[in-house]
Every structure is written in structure tokens, then in C-alpha cells.
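Given the structure of chain A, go ahead and fit chain B onto it with the hints provided.
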Amino acid sequence: MWRAFVVPALLLAALEAWARTVGAASDALAPPSAAVLALARAATNGSLWTATAFTLGSAAAGLAIGFALGVLAGCALGLSRRAAAFAFAGVEVLRPVPSVALIPLAMLVFGFGVRMELAVVAFATFWPVLVLAQAAVRQVEPQLLEVARALQLGRAATLRAIVLPAMVPRLFVALRLAVAIALVVAVTVEIAANPHGMGYELMTAQQSLDPALMLGWLGWIGLLGWGINAAALALQHHVARRMGAAA
Amino acid sequence: MTNVLRGAAGLALLAALWWAASHGGWVSRVFLPTPEATLASLAEGLREGELAAFTAATVQRMLLGWGLACVAGVALGAAIGLSDTARAWLLPTLEFIRPLPASAVMPLAIAIFGLSPAMVLAVVAFGAMWPVLLGTVHGLVSVHPRLREVAAALEMPRLAFVWKIGLPNALPDIGAGARLALTVALIVSVVGEMIASQPGLGQAILLAARAFRASELFAGIALLGAVGFVSNALLAWGERRLMPWQRPSS
Numbered sequence: 000m001w002r003a004f005v006v007p008a009l010l011l012a013a014l015e016a017w018a019r020t021v022g023a024a025s026d027a028l029a030p031p032s033a034a035v036l037a038l039a040r041a042a043t044n045g046s047l048w049t050a051t052a053f054t055l056g057s058a059a060a061g062l063a064i065g066f067a068l069g070v071l072a073g074c075a076l077g078l079s080r081r082a083a084a085f086a087f088a089g090v091e092v093l094r095p096v097p098s099v100a101l102i103p104l105a106m107l108v109f110g111f112g113v114r115m116e117l118a119v120v121a122f123a124t125f126w127p128v129l130v131l132a133q134a135a136v137r138q139v140e141p142q143l144l145e146v147a148r149a150l151q152l153g154r155a156a157t158l159r160a161i162v163l164p165a166m167v168p169r170l171f172v173a174l175r176l177a178v179a180i181a182l183v184v185a186v187t188v189e190i191a192a193n194p195h196g197m198g199y200e201l202m203t204a205q206q207s208l209d210p211a212l213m214l215g216w217l218g219w220i221g222l223l224g225w226g227i228n229a230a231a232l233a234l235q236h237h238v239a240r241r242m243g244a245a246a
Numbered sequence: 000m001t002n003v004l005r006g007a008a009g010l011a012l013l014a015a016l017w018w019a020a021s022h023g024g025w026v027s028r029v030f031l032p033t034p035e036a037t038l039a040s041l042a043e044g045l046r047e048g049e050l051a052a053f054t055a056a057t058v059q060r061m062l063l064g065w066g067l068a069c070v071a072g073v074a075l076g077a078a079i080g081l082s083d084t085a086r087a088w089l090l091p092t093l094e095f096i097r098p099l100p101a102s103a104v105m106p107l108a109i110a111i112f113g114l115s116p117a118m119v120l121a122v123v124a125f126g127a128m129w130p131v132l133l134g135t136v137h138g139l140v141s142v143h144p145r146l147r148e149v150a151a152a153l154e155m156p157r158l159a160f161v162w163k164i165g166l167p168n169a170l171p172d173i174g175a176g177a178r179l180a181l182t183v184a185l186i187v188s189v190v191g192e193m194i195a196s197q198p199g200l201g202q203a204i205l206l207a208a209r210a211f212r213a214s215e216l217f218a219g220i221a222l223l224g225a226v227g228f229v230s231n232a233l234l235a236w237g238e239r240r241l242m243p244w245q246r247p248s249s
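Chains A and B are the protein sequences, given in the same order. Each step along the first sequence adds one to the number in numbering that gives the first Met the number 0, with nothing skipped, and position 27 is 26. Each step along the second sequence adds one to the number in numbering that gives the first Met the number 0, with nothing skipped, and position 176 is 175.
For reference, chain A alone in the conformation it holds in the complex (with noise of 0.2 Å):
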């Protein structure tokens, strides 16, 4: 277990002494101590927390739309094969244009602020918890729908009481895979073109030459990536536990 720090802790021992002798004029480097001095400054004035939650908040909330929709948008192409052969065309077409693609017209719609984060947010999600959900309903075991055709449940019916229940853990992978595309696509937002959040604060502390405090927040990043994802993960492992595993 301690072996795990070593690496990361020589790595920084071998940037502090850089940064504080042959590369103390550098604008590019800073030492660890210096960035995380800078952060904590960043934090008493109060600006790592409003750009922390203006990210968190349009990530989660993007992610909300792009996963009800996503799932919404599977169980119906995963239920009916007709549904699914008449959308296939689409989705391939759509799917595969990149994400950040969407962020200019994201900003021609939505000018800058929340709504045009979430609204790429959501799009980025979207098609990859639809794919997902549709196998996960495809992979429903056919026994149970036989039940459900043997109690002569409706649509409805069915959806509600064997098939959501049976795709729940599958549900956790996609929902994993999602928050990590969530907080990815928040930042590179910023980063682009939203004057708000982390990615921008990243980006001014880059263009003002202050790089003690652009490595503070790509640390801070990278640590709130690894918190999040590792979160996700806790959870989906916890969920296949209780549900039986099927992931």
C-alpha cells in the first residue's frame, strides 16, 4: 500500500528542488509548496469554492438530463424492436460526433453561463447510457419476460416491475462511465470557452503567468476527478453486491 506514494512523492520532491533552484525564474513551473500555498489562498478568498460548485453543479446537472434521457431513450429502443431498428440510423449518425463540437453551438444558443455546460454535458452522456441501457434490457433474462407475458402485464407494467428492477446494476456501470464523461467534458467547457468554473480558472491563472496557482487547480482537479470516479466506482461495485452481481 505505502509503495503506492512513493512514485507520486519522489516526482514532486524532484519538481520542489527544480522548481527552487534552476528553474526559480520559470513561468511555466512552480513547486508543489508554492501551488498548494496558492490554493489555499484561492480558497480563503473564496474563489475555489464557486468555481468548484459552478463545475460540480452544471456537471451533475447535465448529467441528470443526459442520464433520464439516456435511459428513457434505451428502455424504449431496447424494449421494441421496431423502435429500434427505425432509430438505429439516427443514433449511429448522431453518436459519434465529438462533444466539444457542440460547445460553439452550445454558446450560439445559450450564450456563455450554465445552460450551454449542461446542455454538452447532457449530449455527451446521452448516447452513451442510451447504448448501454438498450443492451441492458436486451440482456433482461428472457424467463422473466416470459413471467411478465404470463401474468398478462401491460407495457407499462412490464417496465416497471421486471425490467428496471432486473437493469439496475447495469444501470450503476453506465451511470459510472457517465460521471466520469460528466466531469471531463464540464472542465474542457471551461477550458474552451465558458468564462465560469475550474477550466477558466485554470486557463486565467495559465494566462497570467501565475503558475504556482494553475498547478494548485490541476491538482485540485485531478484530486476531485479521482474522489469522484473512485465514488462511482464504490457505488456500482455496492449496488452489483446488493443486486446479485451481473456487471
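Since the hints were made in silico from the structure, they are not lab data. Any given hint could turn out to be false.
[Unchecked claim] Label-pair distances were calculated between CB atoms; the ranges are:
1) B/Ala159 / A/Trp17: 34 to 44 Å
2) A/Trp1 / B/Ala225: 31 to 41 Å
3) A/Leu144 / B/Ala85: 41 to 51 Å
4) B/Trp25 / A/Ser79: 26 to 36 Å
[As the list claims (entries may be wrong)] What the simulated footprint calls covered on chain B by chain A, stretch by stretch (three residues with Cβ under 8 Å from a Cβ of chain A suffice, anywhere in the stretch; the number is not a length):
5) 78-89
6) 198-209
The beta-carbon is built from N, C-alpha and C at its ideal position, and this holds for glycine as well.
What follows is chain B alone, placed relative to chain A:
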């Protein structure tokens, strides 16, 4: 066959909706150009060569970055996957860096390398490397113990083990990683063009949006979609050719 027809019908319905929404004034033309205007912009841009050159620049950046990512990812992944020691010391660090958005590394790369095409390429390769690297590690670690014993019994040198047993075993994982890496490479290329003002589709669509030229914006988005579609389809085809025993999970 009916399924193909249905797919075409669905696609036609989508186009009809677009046509109706833009012509019927449901959505402002500022945001949603008509399909005809988009096609005209696309044709003009491709004929006069500007859009074609941008597309070529973006595709080149994506492919170069992806190629670098694949080479570096397989080499590093093989080195790490082969040795338990390297895994214990390095893998946690790599797992920590992996969720970091590649675009977040871009400001750091700009600070170090400046606004150059090489900087964008380096970030593209960095971002796209992770799925290949982790796929290679996973593929090497999951070599069946029996095969390891065979290699030990044959007194195979390490390099031969990697080449004859390890990498073939990891090929499906590497293939899946490479497909994901190509998607990442396209995304990071576009972002790089947007913030480092390198010529390419990313810059083109950003400028089109700033000038409220919606039809050019849509033409650029359509081209990016086509690049993503074609590259993914080619790679899936290549995977099937290379590994006929393996049905790639889409």
C-alpha cells in the same frame, strides 16, 4: 432488409424534422440553419478548399496523436504489465492521473511548450494514451497461468513471452482501448485547435459561431461527425479483420 429500410426511414424523418423546424420558424435561423444552407456551406467549403484543408489538418492531428498514443501506450503498458514490481509502484500513480481531463493538461502544456502544433499533438497523445495503456496492462495481467507455465517450461526469454503470448493475449483489450483512444484523440484535437488557435475544424467552428454563421458552424459539426463515424467504422472493421476469432463488443 426491412431493418435497413426502417433505418433509412428514421434518418429521413430526422432530416424532415430538421427541415420543418428551420423552415417553419420553430427555432430561430440564427441557431438552426436550413439543411439546404448547411449543404451549400459544406459544398462551398469543400470546393474552395478551406474546409477540406481544415478537415485534413484535424484528421492528421488526430491520427498522429493517436498513433503516438498507441505506440507509447502499448510500450509502457507492456513494461508495466510484465512486472509485478512496476505494477505495485507505478499503477496507483497512473490510476490517479487517468481521470484528469486531457484538456486540463493543455494550459500546463501551453506554459511549457508555448502555442505550437507540437504542444497540441503532445496533449492529444497524452490524453489518448490511457485507454491503450490500461488495456495493454489488463491484457498482459490476464494471461492464463497455464500459458505462463508453458513459457517458463520452454525457458522463453521475456521479450519472446511478450511478443508470442502476452501481446496476442492482450490484443482484444488493446483494440478496445485503441478505439476509445481514437475518440479521445479527435476530441482533444478539436479542443486544442479551439484554445491554441491551430488551423483545423475546431478553430473553424468556433470562429463560425462567433461570427453567427450558423450554416458554416453546422457544416463543420457535420464534418467532425463524419470524421468520428468513418474513423470508428474503419477501426471496427480492422479489428474484425485482425481478430476474426473475437466478436468486438460495440
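Inset, instruction - Kindly confirm whether 41 to 51 Å is satisfied by the beta carbon distance between A/Leu144 and B/Ala85. - result: 48 Å, holds
Legend entry - Coverage assertion for the segment 198-209 of chain B with respect to chain A, Cβ distance below 8 Å, three residues required: holds (count 7)
Inset, instruction - For the range 26 to 36 Å, tell me whether the beta carbons of B/Trp25 and A/Ser79 fit it or not. - result: 27 Å, holds
Legend entry - Claimed coverage, the segment 78-89 of chain B by chain A - three or more beta carbons nearer than 8 Å: Since 3 is at least three, the answer is holds.
Inset, instruction - With respect to the beta-carbon atoms only, verify the hint that B/Ala159 and A/Trp17 lie 34 to 44 Å apart. - result: Holds: the Cβ-Cβ distance is about 39 Å, inside 34 to 44 Å.
Legend entry - Range agreement (Cβ of B/Ala225 with Cβ of A/Trp1, hint 31 to 41 Å): 50 Å, violated
Violated hint: 2 only; the structure is consistent with all others.
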